[in-house]
Amino acid sequence: MAKPILANACALAATAEEAAYRIDAEIGSRAALIIGLDADAAAVVDRVAERPWGAARFFHAEDLSPEQLVSEIDTSDVAIMVATADADAAAAEAIARACFERGIMTAGLILGEQLAVAASVAALRPYARNLMVTNDEEDVAEVLRALRA
Amino acid sequence: MLKPEINELLTETGPGTACGDLFRRYWLPALLTEELPENDSPPVRVKILGERLIAFRDSEGRYGLIDEFCAHRGASLWFGNVRECGLRCAYHGWKYDVNGNCVDVPSEPENSNFKSKVKLTSYPLVEVGDILWTYLGDPATQPPLPEFEFCQVAPEQTYTSKRWQESNWLQALEGGIDSSHVSWLHAGGLKSDPLFKGAKGNDYNLNDLRPFFEVAEADGGLFVGARRNAEDGNYYWRITPWVMPAFTMVPPRGDHPVHGHFWVPIDDHNCWVYTFDYHPTRALTETEVSAMRAGHGVHSRNIPGTYRPEENKDVDYLIDREAQKRGDTFSGVRGIAQQDASLQESMGPIVDRSKERLVSSDTGIIKARQKLRKAVEALRDEGITPPGVDPAHHRIRSAAIVLPQEESFIDACQDALTAELGKAHTSV
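Heads up: the sequence lines are chains A and B, in that order. According to this note's numbering, numbering within the first sequence proceeds without interruption in unit steps and concludes at 153. According to this note's numbering, numbering within the second sequence proceeds without interruption in unit steps and concludes at 494.
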């Protein structure tokens, strides 16, 4: 017996009018952990932290003890490392290792001209699953907004 | 996630919109040269950036792109006759030249000067490669012609097709930047498609389904690198360039031709996807061109005589659940082009980006939106020419390469990512 054809039973249902009512369930904030890996990056992180965020938390790598780091990562969905030309590779490795063990996604935002930050890019590459090299500080906030942090 | 007002800013391209003004600073594909194959060919309707236009090729081979509707009563000139160096309206015989000037009003006295007061909007229409390009902006800011490599190589080295996609241009473009879907949605094609199969790079793709991504700035847009594990601790990199506003290339596979797309807004709910394949150092083989014409690779299998894919919305994309079950295709839709289009069209004509949930592997898309927004605002507020207008920004390539772990793709591939006629492409 032929199945009845309903209004939403084919791809033609994808109209602008209908699309306006999609995904209406509430979408919560992402528990993002943002860590500055060097002094200049820490200053950027401080400036970004002043804006209104949902569940985002902001730290300087040098201020986090190993125990604090693990504790913060345990309650995060994503860890974002921010660096400039002097990224602390050891800190990046410690963060990434703790994230890897817990299945937490890692990302790196490296601020500066490509050549000037090459060492930092190399330091973060093994550990950040997603890496963006940018000369625009606003990208840190842009990524956090896009992630609903 | 984008605020609704930013989503509108980036998706609306009609006359008078900010993003429409951005697009009107670039040369854009208007139609394929094959659509006007000879002098006095029938006219072709062209809708682009929300404007309805008519393209024709007059008796002396000059191309014209003018308002679709006759200044007399508003009838479409698509019904008209192209002959004796003009396009004559089928309703009352008013005739226009390629610059939109009315050159004959048969109902007026022969010595009347009325016709000299009638002019339709017209835009330049210029052949470069297989494409007729137009520029819809202020003539004072018209840039030099495009210099993308696919339309600079010899005719026997390149092939371009086009297809109609029933979604906003931005969600189509974003598919071109998003490398992370390839190992899923297109996995079947890597093993079987005649324009992909056999490349060593395919094994890296299929053996590592969790690539790492790296996004780097380029003068004209971005480079998005996707890296996967290769032998001996090396990385296999696939590097996708985006040139603003709407040009992307796919990284090559083996000695196959390299391909890419131009995503051109028709209106806010539809776009044209121009798809090209070219080989930088040799002619395309007959087998390759036949495969492209048949809709393999990234081309589409169109309904004969049209540019609408056979796998379209009206027929539920001819979804084949058995092929999906067997694993021949991941979504059940045939062909890479329509695998992408079916999902992008299912998102709605303009996806509401305030409701999406991006993840950090979407950084390429996040950065591209940000660059677009900044360019739109800089043009609107300060009149700054956007990236990608300068033909120097067009001279880029995609690349696929195996590199030692410590090497940066952007440093190691400077030469590979720069187009130069006759230079071999970097491919695995």
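What the hints contain is simulated information worked out from the structure, not anything from laboratory work. Keep in mind that the hints are not guaranteed to be accurate.
Coverage of chain B stretches by chain A, computed from C-beta distances (three or more under 8 Å per stretch; other residues unrestricted) [stated by the list, open to error]:
no.	region
1	402-412
2	465-478
Computed, partial: chain B to chain A, Cβ under 10 Å [claimed, not checked]:
no.	residue
3	D204
4	E232
5	L261
6	K263
7	F279
8	R293
9	D380
10	S397
11	E422
12	I432
13	K433
14	K437
Over the 12 Å line for every Cβ pair with chain B, so calculated as not near, a few chain A residues [to be verified]:
no.	residue
15	C14
16	D28
17	D50
18	R55
19	N134
20	E146
Bear in mind the structure is a predicted one, so any value in this text is a computation, not a measurement. Where a beta carbon is used, it is the ideal one built from N, C-alpha and C, also for glycine.
To see whether the hints hold, each was checked on the structure:
1. 402-412: holds (count 3)
2. 465-478: Holds: 5 residues of the region 465-478 of chain B have a Cβ under 8 Å from chain A.
3. D204: Violated. Min distance 28 Å.
4. E232: Because about 8 Å separates E232(B) from the closest Cβ in chain A, which is inside the 10 Å limit, the hint holds.
5. L261: violated (26 Å)
6. K263: Violated. Min distance 29 Å.
7. F279: holds (5 Å)
8. R293: Given a least distance of 8 Å, the restraint on R293(B) holds.
9. D380: Given a least distance of 7 Å, the restraint on D380(B) holds.
10. S397: violated (12 Å)
11. E422: Result: holds, 8 Å to nearest chain A Cβ.
12. I432: holds (4 Å)
13. K433: Hint holds; K433(B) Cβ to chain A Cβ min 6 Å, cut 10 Å.
14. K437: Since chain A brings a Cβ to about 9 Å from K437(B), closer than 10 Å, the hint holds.
15. C14: Per Cβ check, C14(A) is inside 12 Å of chain B; nearest 5 Å; violated.
16. D28: violated (8 Å)
17. D50: holds (21 Å)
18. R55: Correct as stated: the minimum Cβ-Cβ distance to chain B is 14 Å, above 12 Å.
19. N134: violated (4 Å)
20. E146: At roughly 5 Å from the nearest Cβ of chain B, E146(A) sits no farther out than 12 Å, so the non-interface label is violated.
In summary, the numbered hints that this structure violates are 3, 5, 6, 10, 15, 16, 19, 20.
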